[in-house]
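Undergrad: Below are the chains, spelled out letter by letter.
Number of protein chains: 2
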Amino acid sequence: MNVHPFDAAVKLTPLDLPGSYAGASSPAYWNMVGPFGGTSAATAMQSVMQHPERLGEPIALTVNYASALGPGPFTVQATPVRTNRSTQHWTVSLSQLDTSGAQGVVMTATAVTAVRRQTWSVNDTPMPTVAPPDGSARFTFPGGVEWIKRYEIRPLAGLIPNIWDGSGTGSLSRLWVRDDPPRSLDFASLAALSDVFFPRVWLRRATHVPVGTVSMTVHFHADSRQLTQSGEGFLFGQAQAQTFCNGFFDQTAQLWSESGTLLVTTNQIVYYKE
Amino acid sequence: MNVHPFDAAVKLTPLDLPGSYAGASSPAYWNMVGPFGGTSAATAMQSVMQHPERLGEPIALTVNYASALGPGPFTVQATPVRTNRSTQHWTVSLSQLDTSGAQGVVMTATAVTAVRRQTWSVNDTPMPTVAPPDGSARFTFPGGVEWIKRYEIRPLAGLIPNIWDGSGTGSLSRLWVRDDPPRSLDFASLAALSDVFFPRVWLRRATHVPVGTVSMTVHFHADSRQLTQSGEGFLFGQAQAQTFCNGFFDQTAQLWSESGTLLVTTNQIVYYKE
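For the protein sequence lines, the chains are A and B, in the order given. For the first sequence, the working numbering gives the first residue as 50, with consecutive numbering after it. For the second sequence, the working numbering gives the first residue as 50, with consecutive numbering after it.
No wet-lab data here; the hints were simulated from the structure. Here a beta-carbon is modelled for each residue, glycine too, at the ideal position from N, C-alpha and C. Keep in mind that a hint or two might mislead.
[Stated by the list, open to error] So, partial list: chain B residues that the calculated Cβ filter (under 7 Å) puts toward chain A: (1) 159; (2) 167; (3) 307; (4) 318.
Construct all of the structure, not just a fragment, from the sequences and the given hints.
TA: What follows is the structure in structure tokens.
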């Protein structure tokens, strides 16, 4: 059986120290100057998921993109710094040998896992009423970066501009998305999918400026049972910026299962030039 | 000249190790079983602000409330783990002696600071049109917790329920707020103000259940010059939950200066019981 490219991308091999792992940048998810940031976020999540001392399931993940991850091997250190009765707090660090031969931090992260209990619940953010996935064409990007080919993206609104003429008016995008080939949803892939939206500033300005995500926070609202129910189905996602100010804009986004369960709310802050 | 209670609350004294500081829980900002979480977030921010190697101004802060902070002294360690040309990545940890005599981690945090440059900017989240601060009465909470007295809060919508009868229908609150006595806005106080909203689940359910913030992320959209302009004026804030699911709800909030500059967008995930 072939290994799914996502599983290959986030594969971590335990090293001698507890919570220490070896990984490698994935050419299959290559972006312009490094791997897709979503796979780095997923790697941080994965280091927590496969830690033998983990308690419960992810509630929150924040990843900070400290430096460009290069090709080749890296190490991950996941540490449970506080374990309570039903919650656990994690710090995570990704390091890679830099050109001077020193280990440099390329990502820091924190995560919270918890044992969920069934309580009163209500979702105040229902999925918008939209056409089903087969009602819109797949996004293709000839000559584009590799990682986009690893996702079947079917945009509904707020497509990436065809003409970069500065005519943008809004920043809302809506789309269907799933792994290609399809893969059962888990917390690592959900972390990656949280970063699947193209930069809001490109849409808002219809101008192609250099960008880079600085920090992303993911809040998980579903448990593994609900992710299993989502299976290999599409997710519906929407993303929007609240503000663009002197070099940094934010993105607020939601991901629902195909049947309308709100799985994730996520926010990021992104550098842009000019 | 008297020291403002907020400055006393976030006062950090450098220790021997670089980035290591001594602080103490503030009785003036006491909540039910520990100090107001906003002051803890502000302490994490402050440890970065007064670090001699800091580059630029805050862009992002995530704080994770690992354990209840008790009365008395604590230590803070702020470490610049990666310094780039115009951005800098920080990890922060708050520790306190626990009852067994061991140092326990009570908070982890990450922060990003950056040198901002003037660029194309647009705010897509204008402040709602609302009555001015003097148009609404100050919120008072007789016999309430101490920290609320440190803020002049003038609610406009989504007030804390008077009757806990399970009749809640929405989670949106709007309010004017400033330090009491008034104090010039800075990044530490802005971090604290990001946590000023009462728990959304109380409003949504009109039911008083135990709660505790697990993780809060603050994205800063203004520079120190804009904070100075805001001065001792009121901020306008609004907060809303997107979903409540099996023990955890989220809160998404914004803070504007009195004149309508969007200063902060912030999200948190909060534990609730039942």
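Undergrad: Does the closest beta carbon of chain A sit nearer than 7 Å to the beta carbon of residue 159 of chain B?
TA: Holds. Min distance 5 Å.
Undergrad: Once the shortest beta carbon distance from residue 167 of chain B to chain A is found, is it less than 7 Å?
TA: holds (6 Å)
Undergrad: Regarding the hint that residue 318 of chain B lies at the interface with chain A, is the smallest CB-CB distance below 7 Å?
TA: At 5 Å from the nearest chain A Cβ, residue 318 of chain B passes the 7 Å test, so the hint holds.
Undergrad: For the hint on residue 307 of chain B, does the least C-beta distance to chain A fall short of 7 Å?
TA: Violated: closest Cβ of chain A sits about 17 Å from residue 307 of chain B, beyond 7 Å.
Of the numbered hints given earlier, the model fails hint 3 alone.
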